[in-house]
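Undergrad: Here are the chains, one letter per residue:
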Amino acid sequence: MLRFIDTVGEAVAGIKDGSTVMIGGFGNAGQPFELIDALLDSGATDLTVVNNNAGQGDQGLALLIKEGRVRKMICSFPRQSDSWHFDAKYKAGEIELELVPQGNLAERIRAAGAGIGGFFTPTGYGTMLAEGKETRFLDGKWQVFETPIHADVALIKALVADGKGNLIYRKTARNFGPIMAAAAKHSIVQVSEIVPVGALDPENIVTPGIYVNSVVRVSSSGTAGNEGQVA
Amino acid sequence: MSTLETSLQTSAEPLGRNELAALVARDIAPGSFVNLGIGQPTLVSNYLTEEQNITLHTENGMLGMGPEAVGEEIDGDLINAGKIPVTELPGASYFHHADSFAIMRGGHLDICVLGAFQVSAGGDLANWHTGAPDAIPAVGGAMDLATGAKDVFVMMTLLTRDGVSKLVEECTYPLTGVGCVTRVYTDKAVFLTGPDGVRVRETFGCTFEELQALVPLPLTPAAS
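First to last, the sequence lines map onto chains A and B. All the letters of the first sequence, read from the start, carry residue numbers 191 to 421 under the numbering used here. All the letters of the second sequence, read from the start, carry residue numbers -17 to 206 under the numbering used here.
Incorrect hints may appear among the rest.
Derived CB-CB ranges, DEER-like [to be verified]: (1) B:196 to A:329: 37 to 43 Å; (2) B:202 to A:400: 57 to 63 Å; (3) A:376 to B:-1: 45 to 51 Å; (4) B:32 to A:235: 52 to 58 Å; (5) A:383 to B:88: 32 to 38 Å.
None of these hints come from the bench; they were simulated from the model. All C-beta atoms, glycine included, are put in the ideal place defined by N, C-alpha and C.
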């Protein structure tokens, strides 16, 4: 059931302690800052967060980690020049890390949304990130068994939603949005614009509205401008 | 300086980072789809010519990536794998992360160019983790690229700061991929790795014999 919601606070109000939350974005591109800020304000804690990174600088996911709301990160690239909040929590033993090669992370998320119970992939074979995992020689190469990553909620940033919840994105801010929308039981999307049914060309829809549960318009969403230039 | 003592030696001096990047760029076949890793490999893009018609892939979801953005071109929604603002070229396309890594894993990329801590005689790559107990591990797309691209080129200095060869019999750092590297471009030589062992295509600032003295595994000239 699709709902259009007035405020980011109402949009995240149902997120319970202990939830697994997928958060879109690669670095700051596509990161739904307003939804994350609302999640922080909601007080939800003991969260497992799925994101490519583990926060940059002093905003968004980095603040959620700083405030101790994140019990576990599932990500591919936590260590960055400005990931000081994650670094501190990790070194203090206050956050759990499941490190996943980036393509396996994406495919595990995709698998969850697509109803796939697991898959074999060559990525990671023979490395410490495949230790303890089942391997098979398939299709001419050794492959590692990987399982889907499901989530209770996904927080996503898109550019435009129509009245059916169909989404389009902007440039490389698309990144994890489409697969996270499908993988989570409940997807919450912030957009910069909501247009009437029929206003988006059906040929150009990136995420069909069937994957979208809640849409909230955020005035600063969409064109990221220079908001995310902490590399 | 020494004269060019063997047919393998193509430069009297070791190559600098930019000269090496130019050499890698020259070796990329026209029309290729290429992913350039973060750091030194990014320099290769400065030497690709329009005539080569190379399409650059960035793991965060784009083909047809253009040069780094400057001034008013900077757009937070348009970044590369290193999270640096970039530009789009005519004919560019955007796609989500699962598609982007399907492009890698599915063998659709012709070449990726990566940095390395170590490369083994059998083409194993170690480039993501020093294995130090206090290091925070971060892998990103390195394992997917190493496993997926048809050719994996490594760019690195041959020796560590302490003068130890990074081309080794077996990697001691944690692996990124097994048997994936096909060529190693270094300041002192270009190596070809494969089932025939490590062959030397050309040397820079040293003879084949001088190079062999630096590397703790048997080398053969590629010409022989």
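Undergrad: Starting from the range 32 to 38 Å, see whether the pair residue 383 (chain A) and residue 88 (chain B) falls in it by beta-carbon distance.
TA: holds, 34 Å
Undergrad: Does the beta carbon distance between residue 376 (chain A) and residue -1 (chain B) stay inside 45 to 51 Å, or does it fall outside?
TA: holds, 49 Å
Undergrad: Does the Cβ-Cβ separation between residue 196 (chain B) and residue 329 (chain A) fall within 37 to 43 Å?
TA: holds, 39 Å
Undergrad: Is 57 to 63 Å right for how far apart the beta carbons of residue 202 (chain B) and residue 400 (chain A) are?
TA: Cβ of residue 202 (chain B) to Cβ of residue 400 (chain A): about 59 Å, so the range 57 to 63 Å holds.
Undergrad: If you check the beta carbons of residue 32 (chain B) and residue 235 (chain A), does the distance land in 52 to 58 Å?
TA: Holds - the Cβ-Cβ distance for residue 32 (chain B) and residue 235 (chain A), about 54 Å, lies within 52 to 58 Å.
The structure meets every hint from the earlier list without exception.
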